[in-house]
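Chemist: As a plain string of letters, each chain reads:
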Amino acid sequence: MTAPASQPTSFSRVPGIAFIFKKALISALVALVLFSLMIGIRTEAGPTGQLIFWTRFGDLASMVAIVFGGSIVVELLRQWWGPVETVRIVPPSAQNAMAIGRRAIAPVLLIFTFLVPVIFYDQRYILDLGILVLTYVMLGWGLNVVVGLAGLLDLGYVAFYAVGAYSYALLSTTFGLSFWVCLPLAGILAAFWGVLLGFPVLRLRGDYLAIVTLAFGEIIRLVIINWQSLTGGPNGISGIPRPSFFGIPLTPGDDGLAARLGIEFSPTHRIVFLFYLILALALLTNWVTIRLRHLPIGRAWEALREDEVACRALGINTTTTKLTAFATGAMFGGFAGAFFATRQGFISPESFTFQESALILAIVVLGGMGSQLGVALAALAMIGGFELFRGFDQYRMLVFGVAMVLLMIWRPRGLIGHRAPTVFLERNQAISSELTSEGRG
Amino acid sequence: MSDQHILSVDHLTMRFGGVVAVNDLSFTAERRKITALIGPNGAGKTTVFNCITGFYKPTSGSMRLTHDDGRNIQLERLNDFRISKLAKVARTFQNIRLFPGMTALENLMVAQHNALMRASGLTFLGLIGAPSWRAAEKDAIAQATQWLDRIGLLARADDAAGNLPYGDQRRLEIARAMCTEPALLCLDEPAAGLNARESAALSELLLSIRAEQGTSILLIEHDMSVVMEISDHIVVMDYGVKIAEGAPKDISDDPRVIAAYLGADEDEAIAVMESGT
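As they're listed, the protein sequences go chains E and Y.
Using my numbering, the first residue of the first sequence is number 1, and each one after it goes up by one.
Using my numbering, the first residue of the second sequence is number 442, and each one after it goes up by one.
Simulated from the structure, these hints should not be mistaken for lab results.
Computed from a predicted model, the values in this text were never measured in an experiment.
Glycine included, every Cβ here is placed at the ideal spot set by N, Cα and C.
Some hints here could point you the wrong way.
Stated by the list, open to error - For the chain Y half of the interface with chain E, some residues (derived, Cβ under 10 Å), not all of them: (1) 496; (2) 498; (3) 521; (4) 534; (5) 538; (6) 558; (7) 564; (8) 617; (9) 621.
Claimed, not checked - Derived list of chain Y stretches under chain E, where covered just means 3 residues or more per stretch with a C-beta under 8 Å from a C-beta of chain E: (10) 522-531; (11) 545-552; (12) 593-601.
Given only the sequences and the hints, what does the whole structure look like? Please build it.
Modeler: And the structure:
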């Protein structure tokens, strides 16, 4: 009690060099046991079919040495950083700067996104990447309604993406409907499938819900593969009409937009148009979600994530509340699907595998469940970052995995874990992620 | 005669497999009165609550709720959320069930869900920001603010409910239940874990709810100081059956009640009572 605060009172708790070395040795030993077979010995089938093997003790030794050294570094870093609960005192000026930075990041990102086609007009690759990132931002925002707000773990979100894409593809190729007619139809159809899936599934909770939604995602894909007469099976649907500028085609012909405006035709026009189209769709998703959060339905979603029993005691119909969350999320997935179809001009079941669902879910979880800005940043990091690591060739996945693990250690509740209240009297203060729950479905 | 009873429970039985948690229980709760349900641990009080509030479907028996306008509702025919929505029965929980990640104010806004859903035109009017919706939202915030003021939490309106002290959480849960504008308020051990001063404040709050809102209250409580002070009528349960019923004074003198609480024979209890007082 009387010890001066500046003195490291927990002197005995700070582990010495012996402790660090012991820990590093144990790690190295575990690594040795693990890698002795994985790396130390290499086996292959010989030319006549017999098993040949050779040893790679050099690689093994360097691997174990890396683990030994890494363990020491990690331990030193941990000591420097202090225990997990340590409250670090940040000077007020730095705090202010950080607060301003945090507030400015969303508008700056938005303005930058608007300017991307202007800045990178000549770089087709960047524009395509931007469209891809924005598609995932939109999908992440759509899934965020289901997972982040309502707390329903949905592993089959890609099903609604597929429904939207196939709705547009089939409606436009069979009936010749235009993109702007099909877009709402695709959303409505996806929402309809969301409700249809929701009815039997929403009695389930947590892990069980996750497994059934996972199955639903696969069922949709398998149906698309096998219903050859309608969907073309594994061959997919090609020749999907490109979007028009509200009826004016973006083609080099006389009736095209370029000819009407009297400018020279360039294929980039369509890319730029697609970029702004997906940006508008994503911003629509964002706007609707933010509005919904401040309406009773959105508050009911979040209350459902916090405590379903209490919701029922307050007279909230939990079934319809969950269904609306599912339908809203599915509708945005459907919009994104229609956009995907019109951008690619060709779709096949291969675009709608479980890996897509997992990727979208990872974006939502990494971003911080329920946070719109977090999801956008996570989509940028996941999709853009993945492209950035292209230079690492075969180690791309490895680097990516390490980055994700580090992020989860550093920010266990996602990039932006705290929650902003939907209504306040005087102080609009963020709620720490330790208090909010992830939901149990 | 039946008009003065807001709730009449008739031959209620609840079986879980071979265990009879509530056995042929009948009692009534009077309108604008505080009725307490007491008994030792495991007597089946919370099971009765769960039946009344629709979390359990009773094995047999009936529960009739009579509203001010004479409308009768059979509670056993409604399930979970409809009891709160249609029958206007609100409840709190033995282990507090607030929405910890939402602010105190938000908790009270969620409680007004059904009224606000109607005002927001099932979300569509709210989405376009119709003036009628804005007015309704303002009223809802005013209503919530008024309750926060009454439970003394106005200064902490924007704090997360999970960050509030235990006693404040208890009162917030009662305020949240009251925001659904119930006819019958069911409180499951509201004084559990409160100190003497907080218990006194709770008694005052419940009495003011009865006086100002005219809400009938059904109360499970172990804290006898609270029960004896505010109850108009007490029902005592043990092993799933009613063993006594009456005014607080009669109950505190009833040898069967004392026997149930002390776990002793009736004769012994009478002896204890006589030597004690």
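Chemist: Holds or violated: the hint that residue 538 (chain Y) contacts chain E, with Cβ atoms closer than 10 Å.
Modeler: holds (4 Å)
Chemist: Would the hint on residue 498 (chain Y) be counted as holding, given a Cβ-Cβ threshold of 10 Å to chain E?
Modeler: It is violated, given that the least Cβ distance between residue 498 (chain Y) and chain E is near 14 Å, above 10 Å.
Chemist: For the restraint on residue 617 (chain Y), tell me whether the closest CB of chain E is nearer than 10 Å.
Modeler: Holds: closest Cβ of chain E sits about 7 Å from residue 617 (chain Y), inside 10 Å.
Chemist: Less than 10 Å between beta-carbons is the criterion; does residue 521 (chain Y) satisfy it with respect to chain E?
Modeler: This hint holds: residue 521 (chain Y) lies near chain E, its Cβ roughly 4 Å from the closest one there, short of 10 Å.
Chemist: Using 10 Å as the Cβ threshold, decide whether residue 558 (chain Y) counts as touching chain E.
Modeler: This hint holds: residue 558 (chain Y) lies near chain E, its Cβ roughly 5 Å from the closest one there, short of 10 Å.
Chemist: Does the stretch 593-601 of chain Y contain three or more residues whose Cβ lies closer than 8 Å to a Cβ of chain E?
Modeler: holds (count 5)
Chemist: Does residue 496 (chain Y) meet its interface restraint, that is, does its C-beta lie within less than 10 Å of any C-beta in chain E?
Modeler: Residue 496 (chain Y) check passes; min Cβ-Cβ to chain E is 8 Å, inside 10 Å.
Chemist: Double-check residue 564 (chain Y) for me: the hint is only fine if its C-beta lies closer than 10 Å to a C-beta in chain E.
Modeler: holds (5 Å)
Chemist: Examine the stretch 522-531 of chain Y for residues whose CB is less than 8 Å from any CB of chain E, and state whether their number is three or more.
Modeler: holds (count 6)
Chemist: Count residues of the stretch 545-552 of chain Y with a Cβ under 8 Å from any Cβ of chain E, then say if the count reaches three.
Modeler: Per the Cβ count (5), the hint holds.
Chemist: Holds or violated: is the Cβ of residue 534 (chain Y) closer than 10 Å to a Cβ in chain E?
Modeler: holds (7 Å)
Chemist: Could you check if residue 621 (chain Y) really has its C-beta closer than 10 Å to a C-beta on chain E?
Modeler: holds (6 Å)
Violation of the numbered hints given earlier is confined to hint 2; every other hint is satisfied by the structure.
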